[in-house]
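Trainee: Letter by letter, the chains look like this.
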Amino acid sequence: MPIVIIFALIVTVFLFAPVLIVVPMSFTTSQSYAFPPPGYWTGQYAKYFSDPTWYLPTINSFTIALGTAILTLALVIPAAYAVVRYRFKGRAFANMFLITPLLVPTIISAIAYYKYLSYPKLVGTHIGVILAHTCLATPVAMLIMAAALKGYDRNLERAAMMSGAGVLRTFFYVTFPVLRPGIVVAGLFAFLNSFDETVVSLFIAGRAASTLPKRMFESIQLDTDPVIAVVSTMLFLLVICMFLLQALLRRRQFHGS
Amino acid sequence: MTDYLEIKSIVKSFDGKINAVDGVDLSIAKGEFITLLGPSGSGKTTTLLMVAGFEHPTSGTIELTGRDLTKIPPYKRNVGMVFQNYALFPHMTVEKNVSFPLRMRKFNRSEIETRVRRILDLVALTDHAAKYPRQLSGGQQQRVALARGLVFDPDVLLLDEPLGALDKNLREQMQVEIKRIHREIGITMVYVTHDQTEAMTMSDRIAVFNKGKIEQIDVPLKVYREPTTRFVGEFVGDSNLFDGLVKGGAVDVTGIGAIRPPRADPKLEGRAVDVLVRPEWLRIVAPNDRVADGELTFEIVVDDTINYGDSILLFGKAQQRSVRVRAITSHAGIFARGAKVRVAIDPANVFLIAR
Ligand SMILES: Nc1ncnc2c1ncn2[C@@H]1O[C@H](COP(=O)(O)OP(=O)(O)OP(=O)(O)O)[C@@H](O)[C@H]1O
Ligand SMILES: [Mg+2]
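Each protein sequence line maps, in turn, to chains V and G. Counting in our numbering, the first sequence runs without a single skipped number right up to 257 at its last residue. Counting in our numbering, the second sequence runs without a single skipped number right up to 1355 at its last residue.
FYI, nobody ran anything at the bench for these hints, they're computed from the structure. Incorrect hints may have been included.
Below 27 angstroms or equal to it, Euclidean Cα-Cα: the simulated BS3-like pairs (lysine-lysine) are [stated by the list, open to error]: (1) V/89 x G/1071; (2) V/89 x G/1017; (3) V/150 x G/1096.
Only a predicted model underlies this, so the values are computations on that prediction, with no experimental measurement involved.
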């Protein structure tokens, strides 16, 4: 038993060490990636928050990720419904077609989106990036929703209808609350997938809609600015917070009722 | 009988080839407890779903209190339904589940409160009002489903194998409970089951389904004693079905002998029939027992005996034909395998089914 625990600790350290190294680096007084840092201060943080070429991409990333999550859900909920619930001509094809973005190499998608979005002049706009990211997030979000719907008892809807609820009220009072965990997971996936996406953003985000990963990539190519460590540290913190929040919510769900 | 719920030659085909429901006619009186009984896949659920409005008939009409339901969506029909798997809303408490139909139908607050209190009282769940469905036992969940289906005073309550998931004891308890509720509020109930005992004990009338069609609609005893088709005779209850030929008012039972049933239908004269003899209609004749006039006696060779404690079921053969006899005796020991037993049929206990 202790051996197992020690082993688990070693694996954890192995996985986390490269990530954790960015934390001390974000406080470095040096203007390069020197490790260990020659001294510590919070100047890099001040720089991050005062430099628009850093904080604007951050805002862009959040806006685009949120937009992607909403648009993906708006597409995927009805699509999953149709594919899971109804038997129609071309159902198998629709099912397969919705998965295809997963099969195309990202770099090829990126070139395609670049070309395609340039016609309506959407390259370099938030909308353009949101559209591209939605395409990328759809397959997995679709799989998540379809799985949730398959486990959803159709009689619940019938029970709501015999209770006098029409189609809309049935959705809002019964279907949505029951499917909420699946919807949250699908939405969260779309959000994170967009937030994390680099290749397509490099091609189509341009200057105005530049995302954080794009900015980080450019930073690491052009200079050795330790602000990148600040961004990494804060993202790391964000992930930990979300993880804790999720754990807390789940505990509340168990004990609340 | 006043026609309250009128199902007129409805047909339902899911694939355009096979009819899952194939021309069902049913006319149900107000306050009646009618059971749709039939094997798996015979179209019982599909029929219920069409009454509730969740499936559209391919053809035919359904009328409730004189109103044609066919074009009315389920949420505008005043029809309650109880599902086999309960289908309780998992994110709502018992009270919220039960008040849901009232809230959707915009009842006012005090009315909702009184009705929920009254119905929870009726199903003995008052103490569990604040619990969530997953915190209840199967029987309790089924009672919540019942309360939810009844609370808005529907014109008819449809129940699709509501007790299918419960164990035997709880089943019997709930059968009594459902009958009590039916008596107390006098609601029309359409009850689906494939359990023939349940159908026999609960129903005012039974409609026996087979392959999307109704084979017979009658009061339980009539369905049991006078099935109109061989299928009904076999499906409802335990049975012996012999080949017979009607000649001069008597029936010649192949391999057994002739007997003259007092109420044989004259239309059967000269025709081949199925002769139904329930296992308990056969009487075991002890060596010095008297045999009445007109009784047909024959000998069977015992294959096997099941002792139920209060009765025995004897499996035997008469001229290579299987015969089952149910008798209220306790001396099962004497009917060992290979033993010869004389049995008698009272002519009043023979029913002829036209082929
Ligand atoms: N949604 C559907 N799509 C296609 N076929 C269906 C559908 N629902 C039912 N069927 C078919 O219709 C026939 C009747 O089904 P139904 O569910 O009414 O039977 P049932 O009498 O309720 O049987 P059980 O006792 O098993 O519940 C079956 O052959 C079934 O396969
Ligand atoms: Mg069924």
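Trainee: Determine for every hint whether it applies to the structure shown.
Mentor: Each hint, compared with the structure:
no. : hint           : verdict
1   : V/89 x G/1071  : 26 angstroms, holds
2   : V/89 x G/1017  : 17 angstroms, holds
3   : V/150 x G/1096 : 25 angstroms, holds
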